[in-house]
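> Chain residues, written in single-letter form:
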Amino acid sequence: GAVVSQHPSRVICKSGTSVKIECRSLDFQATTMFWYRQFPKKSLMLMATSNEGSKATYEQGVEKDKFLINHASLTLSTLTVTSAHPEDSSFYICSASRGSLGELFFGEGSRLTVL
Amino acid sequence: EDKVVQSPLSLVVHEGDTVTLNCSYEVTNFRSLLWYKQEKKAPTFLFMLTSSGIEKKSGRLSSILDKKELFSILNITATQTGDSAIYLCAVDPNQGGKLIFGQGTELSVKP
Numbered sequence: 001g002a003v004v005s006q007h008p009s010r011v012i013c014k015s016g017t018s019v020k021i022e023c024r025s026l027d028f029q030a031t032t033m034f035w036y037r038q039f040p041k042k043s044l045m046l047m048a049t050s051n052e053g054s055k056a057t058y059e060q061g062v063e064k065d066k067f068l069i070n071h072a073s074l075t076l077s078t079l080t081v082t083s084a085h086p087e088d089s090s091f092y093i094c095s096a097s098r099g100s101l102g103e104l105f106f107g108e109g110s111r112l113t114v115l
Numbered sequence: 001e002d003k004v005v006q007s008p009l010s011l012v013v014h015e016g017d018t019v020t021l022n023c024s025y026e027v028t029n030f031r032s033l034l035w036y037k038q039e040k041k042a043p044t045f046l047f048m049l050t051s052s053g054i055e056k057k058s059g060r061l062s063s064i065l066d067k068k069e070l071f072s073i074l075n076i077t078a079t080q081t082g083d084s085a086i087y088l089c090a091v092d093p094n095q096g097g098k099l100i101f102g103q104g105t106e107l108s109v110k111p
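Those protein sequence lines, which keep their order, are chains A and B. Here my numbering is used: position 93 in the first sequence is 93, and no number is missing along the way. Here my numbering is used: position 86 in the second sequence is 86, and no number is missing along the way.
Just so you know, the hints here were simulated from the structure itself, not pulled from any lab data. Treat each hint with caution, since some may be false.
[What the hints assert, rightly or not] Not everything, but these chain B residues come out facing chain A in the computed CB check (under 8 angstroms): (1) Gly-16; (2) Ala-42; (3) Lys-98.
Yeah, the Cβ is synthetic: ideal placement off N, Cα and C, and Gly gets one too.
Same shape as in the complex, but just chain A:
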């Protein structure tokens, strides 16, 4: 099946630093990728839609300047959490859509802990 790789799987950083998370589709091209955030024991919350070659579309309430998304190629999208604070600690998951039916494949997720 299709594989979406996410890196790093786990990151710990100090408050005020920026962290970049990569999402790659390994065996298919993804013009659109999605970034989700998940709090413990909660469901996935869509943060933004990442479009190759254009600006990301952010969901209501998500700060664009805080969560920078870049979709530089058909196989890579990055999420940068800028000036991270402890409340940004969460599990971030990317997904990519393949095919006309839009079947989604998820990355392994990245657990961010901000100290």
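Fit chain B to the known structure of chain A by using the hints.
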């Protein structure tokens, strides 16, 4: 507002039991409904349902969609401890691939 509601939120059963997980939805423009299983990491795909009344089956898991009543069920027969996970239901509202997720059902299967 589009929404997906799952029930129950949590469930504890014993090995061998059969469970039914529920998912109801309200979306303006329905394209498909998907079920995912999430253990410690990211969700893994189980089923995609687009048509009413057609059961999809994979081993001990099966799912069916009712587009008239706007719900889906996920059945797991002869449960095993390895079935313990959060089961997520999501609806594709035909908005470029984004999904709307329900809250999830946390299933715990005891030996």
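> Which hint numbers does the structure go against, in order from smallest to largest?
1
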